[in-house]
Amino acid sequence: MEHRFLNIAHRGFSGQYPENTITAFRAALELGCTWLECDVRRTRDGCFVVIHDQTVDRTTDGTGRVDALTWDEIMRLDAGSWRDPKFSGERVPLLDELLTMVSGQAQMVIELKVGKDWVPGVVSVVSRHCAFDWTVASAFEWEVLETVRREVPRWRTTWLTTFEDLSPDEAISRCVNAGIDTIAPRASRIDAGFVRKAHAAGLFVRAWGIADDTGPGLQRLMAAGVDGVTTNHPNVLKEMLNKPLF
Numbered sequence: 004m005e006h007r008f009l010n011i012a013h014r015g016f017s018g019q020y021p022e023n024t025i026t027a028f029r030a031a032l033e034l035g036c037t038w039l040e041c042d043v044r045r046t047r048d049g050c051f052v053v054i055h056d057q058t059v060d061r062t063t064d065g066t067g068r069v070d071a072l073t074w075d076e077i078m079r080l081d082a083g084s085w086r087d088p089k090f091s092g093e094r095v096p097l098l099d100e101l102l103t104m105v106s107g108q109a110q111m112v113i114e115l116k117v118g119k120d121w122v123p124g125v126v127s128v129v130s131r132h133c134a135f136d137w138t139v140a141s142a143f144e145w146e147v148l149e150t151v152r153r154e155v156p157r158w159r160t161t162w163l164t165t166f167e168d169l170s171p172d173e174a175i176s177r178c179v180n181a182g183i184d185t186i187a188p189r190a191s192r193i194d195a196g197f198v199r200k201a202h203a204a205g206l207f208v209r210a211w212g213i214a215d216d217t218g219p220g221l222q223r224l225m226a227a228g229v230d231g232v233t234t235n236h237p238n239v240l241k242e243m244l245n246k247p248l249f
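One rule links them: number in the numbering used here = place in the sequence shown (from 1) + 3.
No lab work stands behind these hints: they were computed from the structure.
Treat the hints with caution; some may be incorrect.
EDC-like, lysine to aspartate or glutamate: derived pairs with alpha carbons at most 16 Å apart [claimed, not checked]:
no., residue 1, residue 2
1, Lys200, Glu242
2, Lys119, Glu144
3, Lys89, Asp70
4, Lys119, Asp172
5, Lys200, Asp172
6, Lys200, Asp215
7, Lys119, Asp99
8, Lys119, Glu146
9, Lys119, Glu154
10, Lys241, Asp64
What follows is a set of in silico ranges between Cβ atoms, one per label pair, in the way DEER data are often shown [unchecked claim]:
no., residue 1, residue 2, range
11, Glu76, Asp194, 42 to 50 Å
12, Gly196, Ser91, 29 to 37 Å
13, Ser91, Thr66, 32 to 40 Å
14, Asp48, Asn180, 34 to 42 Å
15, Asp194, Asp48, 41 to 49 Å
16, Thr37, Ala71, 17 to 25 Å
17, Gln222, Thr73, 39 to 47 Å
18, Asp168, Ala204, 15 to 23 Å
19, Ser130, Leu244, 30 to 38 Å
20, Thr165, Gly118, 31 to 39 Å
21, Arg29, Ala204, 34 to 42 Å
22, Ala226, Gly67, 22 to 30 Å
23, Gln222, Pro123, 35 to 43 Å
24, Arg7, Thr103, 23 to 31 Å
It should be emphasised that the depicted structure is a prediction, and the values quoted were computed from it without experimental measurement.
The beta carbon of each residue, even a glycine, is placed where N, CA and C say it ideally should be.
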């Protein structure tokens, strides 16, 4: 990974555009973002779509679980109007469509919201785009990451964690022993001491779930030494990175 602070556009430029849509990711690229983040789920008929929630209810005009709907049903939904009527007509994209659009213009963190049995399907999509060098697989579920490591050992991996079951030290050891590249705790669980220990173990540290990603919350994490954050407002972070911290 790059040895500089990573400004990762969370679900694209989701602070101003409907999250996880092609428009949001294109806007992030136009802003100059070199890192993007998306979520992937599997439809009932085995397609991999870019959407965060278990259901389509919040971010489309439809209802129902993603894994209970077919791609044909999901592709007909409006994924933009919930954010603003001017985004009417936006669709939930396929992972295949998103990778085609990005095409290596930026690094892409793909959060796998699928069970371990469906990891080979995601691997197949990424492989078709020859995208392992410009994507990262991330997940909360440890078994998913273990499957990724077995399927494609060279694919970079990130473990998303809240430290609910392990202490921070145990979490660091677990990542090192499994060959995970990056540990990504919830922002509120990160301090400078943890970052020092993770770096000493050879891990990168990424933060997520920042309560205030337009000001002090970002500044605290940068001062703690984290390597990057996912943010809904990459424009704000871009401006901060161009100014001295203190």
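Original post:
Going straight from one Cα to the other, do Lys200 and Glu242 come out at no more than 16 Å?
Top reply: violated, 29 Å
Subject >> Cβ separation of Gly196 and Ser91, checked against the hinted range 29 to 37 Å >> reply: violated, 48 Å
Subject >> Outcome for the supplied range 23 to 31 Å, where the beta carbon pair is Arg7 and Thr103 >> reply: holds, 27 Å
Subject >> Hint check for Asp48 and Asp194 - Cβ pair distance inside 41 to 49 Å >> reply: holds, 45 Å
**OP:** Would you mind confirming whether the straight-line C-alpha gap from Lys119 to Asp172 stays at or under 16 Å?
**Re:** violated, 26 Å
**OP:** Assess, step by step, whether the Cα of Lys119 is no farther than 16 Å from the Cα of Glu154, and give holds or violated.
**Re:** Given that 16 Å is the threshold and the Cα spacing comes to 11 Å, the pair holds.
Original post:
Are the Cα atoms of Lys200 and Asp215 separated by 16 Å or less?
Top reply: Violated, at roughly 25 Å.
**OP:** Could you check the hint for me, namely that Thr165 and Gly118 are 31 to 39 Å apart, CB to CB?
**Re:** violated, 19 Å
**OP:** Starting from the hint 34 to 42 Å, judge whether the C-beta atoms of Arg29 and Ala204 obey it.
**Re:** Since Arg29 and Ala204 have Cβ atoms about 37 Å apart, the given range 34 to 42 Å holds.
**OP:** For the pair we were handed, Lys200 and Asp172, check the Cα-Cα distance against 16 Å.
**Re:** Holds, at roughly 8 Å.
Subject >> Pairwise hint evaluation, Glu146 against Lys119, where the allowed Cα distance is 16 Å at most >> reply: holds, 6 Å
**OP:** For Thr37 and Ala71, compare the CB-CB distance with the range 17 to 25 Å and indicate the outcome.
**Re:** violated, 36 Å
Of the numbered hints listed earlier, those contradicted by the structure are 1, 3, 4, 6, 7, 10, 12, 13, 16, 20, 22.
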